[in-house]
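J.: One letter stands for each residue in the lines below.
There are 2 protein chains.
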Amino acid sequence: MHILIIGAAGMLGRKLTERLVADGRLGSGEVTKLTLADVIDPPAPTGFKGEASTVAVDISKPGEVDKLVASRPDTIFHLAAIVSGEAEADFNKGYAINLDGTRFLFDAVRLESAKSPYKPRLVFSSSIAVFGAPFPEKIGDEFFTTPLTSYGTQKAIGELLLSDYSRRGFFDGIGIRLPTICIRPGKPNKAASGFFSNILREPLAGQEAVLPVAEDVRHWHASPRSAVGFLLHAATMDLSQLGWRRNLSMPGLSATVGEQIEALRRVAGEKAVKLIRREPDPMIMKIVSGWARDFDTSRAASLGFTAEQSFDEIIRVHIEDELGGRVPD
Amino acid sequence: MHILIIGAAGMLGRKLTERLVADGRLGSGEVTKLTLADVIDPPAPTGFKGEASTVAVDISKPGEVDKLVASRPDTIFHLAAIVSGEAEADFNKGYAINLDGTRFLFDAVRLESAKSPYKPRLVFSSSIAVFGAPFPEKIGDEFFTTPLTSYGTQKAIGELLLSDYSRRGFFDGIGIRLPTICIRPGKPNKAASGFFSNILREPLAGQEAVLPVAEDVRHWHASPRSAVGFLLHAATMDLSQLGWRRNLSMPGLSATVGEQIEALRRVAGEKAVKLIRREPDPMIMKIVSGWARDFDTSRAASLGFTAEQSFDEIIRVHIEDELGGRVPD
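So the protein lines, in turn, are chains H and F.
FYI, full-length UniProt numbering numbers position 116 of the first sequence as 116, with every residue one higher than the one before it.
FYI, full-length UniProt numbering numbers position 193 of the second sequence as 193, with every residue one higher than the one before it.
Isolated chain H (complex conformation) (with noise of 0.2 Å):
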């Protein structure tokens, strides 16, 4: 099978390909052929068998995606985007990538299944940003989408069309909204929700990281190898079950800072949690409390959807999958 990956570049889309790469296969289909595509050249795929080609495409650009799609891909996974902070400092940026690159993915896909029978699996990587405060305690699937940034609004767009064109019978899509993924692997970077992975990652290495919030700060996290999980799950599930209703957001853990300390000092020791630093910063403090704490995510629970049940499990997961499986003394 085809498969293609749109925002392959991408802490998300780099790891989904490790893995479909290790795997070899997706669900009950050999992985034969990958097409890599991101604003920038993708890194090709290492130790990958079957065919792989990595291509460089604006999305924004009308007719880009089209030759994308013109192979006719089995599975397509559309990662990518403009990230919110960057959708908010450049509207024209952010609407260009978010909706119009969305919207020109779709539209390939309805246009080539005009020619010929076509109808791939879709799955599209959309955000808790969907949603903004005031939120009850535990968000369920049934809550309006009322974003406070655009973002969000692209993301709510690309939802409601991604179940229309379902609906149409386009392509079979779903959406995912995924929780913040915790821990990012990389270097710290000026994300206002960096300090959730920083204050972990960092200390694991051996490195100081610095805590601009309270402990009693609630937010909802996944590790990235759950949402591998999820996009594998998404693309291979029987999508009958969820009808019309595409969209839903992703099992997490509702978790407080204090909570990801205590399972670092119990994972990694008292050293590990001497290297985080408090240095409150209003300005992040600010923007968190606007946040999402918690989900009710029953029903993607009863679809076969998992993530970790506790930050002790989180750390290890980032601790197997990014150092080897062990701390660093």
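None of these hints come from the bench; they were simulated from the model.
All values derive from a computational prediction rather than experimental measurement.
Some hints could be false.
Note that the list lumps identical chains together, so a pair holds whenever it fits in one copy or between two copies.
Calculated cross-link-like contacts (lysine-lysine; reagent style DSSO-like; alpha-carbon spacing at most 30 Å) [stated by the list, open to error]:
(1) K286 - K119
(2) K33 - K49
(3) K93 - K61
(4) K33 - K274
(5) K93 - K67
(6) K61 - K115
(7) K93 - K15
(8) K286 - K61
(9) K33 - K15
Given the coordinates of chain H, assemble chain F onto it according to the supplied hints.
T.: This is chain F only, laid out in the frame that chain H set:
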């Protein structure tokens, strides 16, 4: 003040125009200029003392609506839409007018406001079609939008854009979800919802009407006069009360067909009721069974929106506004 109505040739646009001309003002402002736009040249308003212009415009064509916005109307009513059945039958046309057209309008205001300060009031007529079954008996404003038509999808997307563009400060927008308009003036039409009006309007005019569903079918109604009232209130109220949740379901009357008929009996007598011919239509019964029956519109009520409290009242409004105050013998 200058008022622009897009979709001025439609039933609601014509009624809104008549009302604005009759009142001569909108809230505290004198209506000095009216621009009436539609895909066909709308009728010129009669008896208007200010400056009036009528414009034929295809809002789905890039740049077309910009010309209307360039004159910087103070209030914009966006009522133009390809209706449900047609948007379902003609995918491209529905998306072109209902999504692209709406976005072109919003973007025209955004770009105009970027030249020099400009922030009009923008009233968007949305629809209860943003909701899709299954839903609770009473649908609240916090229920999620899972439309089961492309029309409903396009309206839900318009709502999201309206909120985001308002939050961004490009205009001061409000989206109002109109109930089914009853009694719709004019000739019987083939819309699946047509019978709700037909079974009252036709007998009131001494004509036979067909009832294709059972009397226990419950639906959600407001008169054309109430709908115009919603638009005027939306155009003049203080929108800061809404926060960034700029879309809401309008009040209405939840009534069964049987209750409609009893009201007709009270207002116009047994002779009128006898003109209703029962002719069950399985197709229409199926379509209508998926429609919303009742709404919790306490938010709209708390914001000052009002509608009829009984079907007797809805019928009397029709007699006053369409039949010169009397039922023909």
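J.: Each hint: holds or not?
T.: Comparing the hints with the structure gives:
Taking the shortest alpha-carbon separations for K286 and K119, only the inter-copy value of 28 Å comes in at or below 30 Å, while the best intra-copy value is 44 Å. In this assembly of identical chains, the alpha carbons of K33 and K49 lie at most 30 Å apart only when taken from the same copy (9 Å versus 70 Å across copies). Taking CA atoms no more than 30 Å apart as the test, K93 paired with K61 passes in both settings, with 11 Å inside one copy and 22 Å between copies. In this assembly of identical chains, the alpha carbons of K33 and K274 never lie at most 30 Å apart, being 47 Å within a copy and 69 Å across copies at closest.
Taking the shortest Cα distances, K93 and K67 sit within 30 Å of each other both inside one copy (22 Å) and across copies (25 Å). When the C-alpha separation of K61 and K115 is checked against a cutoff of 30 Å, the pair qualifies both within a copy, at 22 Å, and between copies, at 26 Å. In this homomeric assembly, K93 and K15 come within 30 Å of each other (Cα to Cα) only inside a single copy, at 25 Å, whereas the closest approach across copies is 40 Å. In this assembly of identical chains, K286 and K61 lie within 30 Å of each other by CA distance neither inside one copy nor across copies; the values are 36 Å within and 42 Å between.
In the homo-oligomer, the alpha carbons of K33 and K15 lie at most 30 Å apart inside one protomer (17 Å), although the nearest pairing across protomers, at 59 Å, exceeds that limit.
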